[in-house]
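Colleague: Listed below, chain by chain, are the residues.
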Amino acid sequence: MTELTPVLSATWGLERSWNFDTYCANGGYEGAAKAMKMAPGDIIQAVKDSGLRGRGGAGFPTGMKWGFLPADDGGPRYLVVNADESEPGTCKDIPTMMNAPHTLIEGVVITSFAIGCHHAFIYVRGEVVHVLRRVMKAVEEAYDNGWLGKNIQGTGFDLEVTVHSGAGAYICGEETALLDSLEGLRGQPRLKPPFPAVAGLYARPTVVNNVESIASVPPIIAKGVEWFTSMGTEKSKGMGFFSLSGHVKRPGQYEAPLGITLRELLEMAGGMREGHELKFWTPGGSSTPIFTKDHLDVPLDYESVGAAGSMLGTRALQIFDETTCIVRAVERWTEFYKHESCGKCTPCREGTYWLELILRRLEAGQGTRADIQQLLDTCDSILGRAFCALGDGAVSPVASSVKLFREEYERHVDEAGCPFDHAKSALFAYSTSADSLTGARSLTSAEEAHA
Amino acid sequence: MTYDDTTAAKLTKEAAAIMARYPVRRSGLLPMLHLVQSVDGHVSPDGIQFCAQQLGLTSAEVSAVATFYTQYKRRPNGEYQVGVCTNTLCAVMGGDEIWRRLSERIGIGHDETNEDGTITLERLECNAACDYAPVVMVNWEFFDNMTPEKALQLVDDILAGKQVKPSRGADTVASFKDVSRVLAGFSDGRADEDQGAGVATLAGLNASKDAASKNASKGEPESVKAGARAAAKPATTAARGKK
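First to last, the sequence lines map onto chains B and U.
All residue numbers for the first sequence refer to the working numbering, where the first residue is 244 and numbers rise by one.
All residue numbers for the second sequence refer to the working numbering, where the first residue is 1076 and numbers rise by one.
The shape of chain U in the complex, shown without the other chains (with noise of 0.2 Å):
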């Protein structure tokens, strides 16, 4: 292995502060890649073999749980994950011509990293974001309701090396190692940043808002359900505290 004194002995202790999590050690692969990966932005021989001796397992034990894992990276990964969802739904939107604008950007296809290592590009499976769809990832943040420009202007800020800010999210896109290392189960301490919720996330909370006051405005209903009644409440609460 190469890795020099100081990381090893730092990998060590955060492979064991992982392994204590579980009650048997090799449940701790996972997120032991998600740490070797935030080390050296992929998981390489090095971060297999690092595993392989925390866990006592083969590198080829190993090496058949990474490459099972489409966030494991086996190649140099670039500082920004760029990832475009193209599943139907997005696809349909938007997303296949926000793909190919992006492609034609950054000049490199599927999977593949630019020159300097800055964007990888990725055709991206649901995301589970539908409701603000065409969406885009960067570095496993939300970047939601895109379009061509909007996608481009995201990509040529990051290109420039300027931070960029998520739709719902933390304050700024971290690198691709630091979010790894989130991964990994050790905080960044950034819980806290935020967005706002969302527009379509809080779209049913706003329409049952919305019933509500034209329901008093109208005189109590004939027959409210009690599940209705249950809702009305939280309903006002939320329109106190977004005041």
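Next up, chain B with everything else stripped away, as it sits in the complex (with noise of 0.2 Å):
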């Protein structure tokens, strides 16, 4: 049985665990001052041998990602934190922000330091004030006490930091629309290459990373590589946030080595909500290809998801049980990439646009069958040929829906309805109205102008 391993969150829940003191009461920092007494090279070194790999859903090795740097030409180069979490299932950053928002600031003093950064930005989803306002004062508190400004604990370090918001856009977590964001345009991704570490925020080489990635450096840097080797698998090292929701006992943020199975996660969770059982579920958000049952011991690390065919994504566990319908949940999470499809390149404009119609015809059992194979085609013309990854996120629940559900969709056109009750999934006691039942809500005009 694997034990789970509480590192970023080993303070949540203290008094007052967000402020400067609580942290430092609690090795915080002590990384930092660490890492001021190395080289950067070194700093850079360790961060590639400890293995972690990028947070945020790509799974980038972070250490070589540093690596990727040109050398210095003398002119300026930036570290770009992305805290724009908004990927359905995805609540990890959010709680680390909230709670203990130093961590990230550590991270941010110690990686600014090895990749020669005097100026860093940490761009905070806008739909969160409270984050945002820990954010902001962790930022001022790391000033008024000597960890960011000029000369950083007398080392001859400057580093400046800007917490900037955002302003609801999902497209934004994507890191070149991100950076295009935070120059004041609309975010839209840039094509790559060239990437970000050679020409990012205002053309110059910048470094662009998650928060539980930056987050993640103090601890190897303050307690070793071999500490954070020790756990996890032989590729994916080290521990992560395992967010689990939906129809289980105790939802919730649950730290564990990569690698630990999602049976495990539930027995700790304590199972599925009374009298139900497990459906199908998520092993990285909405953009990762959904499993069932047959996945329940599949490690979940980056290699063992990749063979079963799915992605380890942010490791949002959003779980359902059997009184969920496939096409109900599937055509929500399209409806979400369509409104959030930032419309620069057709083939995620426009086939988003479609798969959402066809699925809501489905779930409103005025689908055919020939629509089945219309989802299938209309993926085949999107994966792989949009500009960014939102369209291949976007073709993972439709995709991996119809092959494990295929008889569920059917059912839909066979019996020109939608074959469940909703108020069974909900957790709460209702009676499913009329025209919930039939389905699919028409349109709003407001809504109509939005599409």
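Heads up, some of the hints might be wrong.
To be verified - Each computed SDA-like pair below joins lysine to any residue, with the alpha-carbon atoms no more than 25 Å apart:
#1 LYS667/B with LYS1225/U
#2 LYS1225/U with THR675/B
#3 LYS1289/U with SER473/B
#4 LYS466/B with ALA1291/U
#5 LYS1289/U with TRP470/B
#6 LYS667/B with GLU1179/U
#7 LYS393/B with ALA1091/U
#8 LYS587/B with GLU1136/U
#9 LYS1289/U with ARG516/B
#10 LYS435/B with VAL1099/U
#11 LYS1252/U with GLU383/B
#12 LYS1252/U with LEU428/B
As the list claims (entries may be wrong) - On the chain U side, residues computed to face chain B include the following (Cβ under 10 Å):
#13 SER1102
#14 GLY1158
#15 GLY1170
#16 TYR1207
#17 PRO1223
#18 ALA1259
#19 GLY1264
Hints are computed from structural coordinates only; laboratory data are not their basis.
We put the CB at the ideal spot given by N, CA and C, even for glycine.
Both chains come to you apart, so use the hints to assemble them.
Modeller: This is the structure:
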């Protein structure tokens, strides 16, 4: 049985856990103090040796990303923290910044020192005001205590940090869209290459990392590479958040070594809600192909999840029981992708639009069997053809659900309606009213305008 | 522009403070749009003109950005932005029913504002609190584990002019304009207000603590992983802190 390993979450729940004093009383800034006595190249090497991979979804090795920065040419280079957490199901960075924002700030100090950055940015999604307050306050406290600003801790190293609030656009979680947004533009992805390491913010060398990735750096430095690599599997090292949500008894944040299984996590979370069984789940947010109870024992590491046909993503485990209609679930995710598609490229903009219409028709019992094939064909027109990963992500739930639950799609056609009582999935009792029984809701004028 | 002299002077000063945060002033556009929203309650034509002037852009360039982001409102917004998450997980767990009941009670649909301008209702995308589903947000503060009854009480309180308290966040929900000011990067000094970390947030920590105390009563297991050792210590620290 794998055991939980609370590291980033270790201080959550302490009295004023978000304050500088609490953080320092629990070993805070020890990693930064140690790092600033190291050669920057040695810090990068340590992070490479740790095997830390990006915790924002793509899983790219963090140290390698830092290593891609070209040699210092005397001009500025930037660190940008992607704190625009908004992948459906993902809810780990928000509690991290709410309860222990200094883990992030300390990581920013170490990373900036390592890559030679003197101005770092934290791009926080705009829809979480109290998180923004806590991050802004943590930055202030770090300035007041000599961990930011000029001549940090007498080392001669200078670092400014700007906290920047987004304004409600999922696509800004894509790193190049985030950079455009941070430059005051519409948040639309850029063509790569050049990658941000070469031409990022203001066309200067830039590292963009997720909150959890950056927050994992201080303990790696403080406790050592060996400590970190003692957790996890051969190729997926260290610990990470597994965010359980949905029809489980105790949903929440479970920090565990990579390679833990859903079966183990479910046991820790008290199992499925009483009297129900697992039907399907996402291993890493809605952009990752769905799993079923056949995948309960898949080790949740990058390689094993990939080999089983999905992606580890953000380890956002959205768990649904047998009361949940797969068509309804996928239709709603697709509505999200359609809304959040930035419109820059045709496959994603048009493809998500049509996927959503077809799924809505199927859920309403007005679809045909040909529609199911059309879904797959439309997926083929998007996958690998979109400008950025949003399009591929939108395809994941559709294609994987048709593959795993084709019969359920067909029942919607054959029975001319959704065979599920949606009220049974809810956590509270209510009687399903006539309008929700028929499934599809009609578009409001505002939504029509949005579409 | 129709801002009076005092407002214009204050806005100009604050816009300068925003631009000073960045090596390139155009980066200040998003916070500046939040700032004008904190004065006008939406991104008004005046606000667009103001941003354009400050940044040396055309009003078309500013509009192009403002219309891209859903948090910038093109019509006067209600004092309270009430958002019901209707993304898959929350919807399935009951968000759809909560939405239906709230929409019915207030008598407005998505992205609409009631007559007296108290509430703007919104079907919300995932707000990163899935472990507390179904979730409602009011002016970007969390209202966790909602039921139709709790959500109806919440909007009834708002409509009756009462202060409302989030599940996790500040002691009261600030107005839409005041929150917009924080989003523009101006602190309101409320970071230390707290309602507790939340049950789901601490679920893993508590599970780890329980496992550690079980192991302790059984005696040290044969092979404790280094990671688990690291876990046990902070977990007990957390337990002490809670007392």
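Colleague: All the hints need checking, so say for each whether the structure fits it.
Modeller: So, going through the hints one by one against the coordinates:
Straight-line distance between C-alpha atoms of LYS667/B and LYS1225/U comes to about 19 Å, which keeps the hinted pair within the 25 Å bound. At most 25 Å may separate the alpha-carbon atoms for a hinted pair to count; LYS1225/U and THR675/B meet this at roughly 19 Å. A C-alpha spacing of about 23 Å is found between LYS1289/U and SER473/B, which places the hinted pair at or below 25 Å, so the restraint holds. Taking the CA atoms of LYS466/B and ALA1291/U, the gap is about 24 Å. The hint holds against a cut of 25 Å.
Taking the CA atoms of LYS1289/U and TRP470/B, the gap is about 24 Å. The hint holds against a cut of 25 Å. This hinted pair checks out: LYS667/B and GLU1179/U have alpha carbons roughly 21 Å apart, not beyond 25 Å. A hinted pair counts as satisfied when its Cα atoms are at most 25 Å apart, and LYS393/B with ALA1091/U qualifies at roughly 22 Å. At most 25 Å may separate the alpha-carbon atoms for a hinted pair to count; LYS587/B and GLU1136/U meet this at roughly 17 Å.
Proposed proximity of LYS1289/U and ARG516/B is supported: the alpha carbons are some 24 Å apart, at most 25 Å. A C-alpha spacing of about 23 Å is found between LYS435/B and VAL1099/U, which places the hinted pair at or below 25 Å, so the restraint holds. Distance check on the hinted pair: LYS1252/U and GLU383/B sit about 23 Å apart at the alpha-carbon level, within 25 Å; holds. Under the criterion of a C-alpha separation no larger than 25 Å, the hint pairing LYS1252/U with LEU428/B is consistent with the structure, at around 23 Å.
The criterion of a C-beta within 10 Å of any C-beta in chain B is met by SER1102/U, whose closest approach is roughly 5 Å, and the hint holds. Taken as an interface hint, GLY1158/U checks out: its beta carbon lies about 8 Å from the nearest beta carbon of chain B, inside 10 Å. Taken as an interface hint, GLY1170/U checks out: its beta carbon lies about 9 Å from the nearest beta carbon of chain B, inside 10 Å. Look at TYR1207/U: its Cβ gets to within about 8 Å of chain B, closer than 10 Å, so that hint holds up.
Given hint, PRO1223/U at the interface with chain B, holds; its Cβ is 7 Å from that chain's nearest Cβ, closer than 10 Å. Look at ALA1259/U: its Cβ gets to within about 7 Å of chain B, closer than 10 Å, so that hint holds up. Interface hint status for GLY1264/U: upheld, as the beta-carbon distance to the closest one in chain B is roughly 9 Å, under 10 Å.
In this structure, every one of the numbered hints holds.
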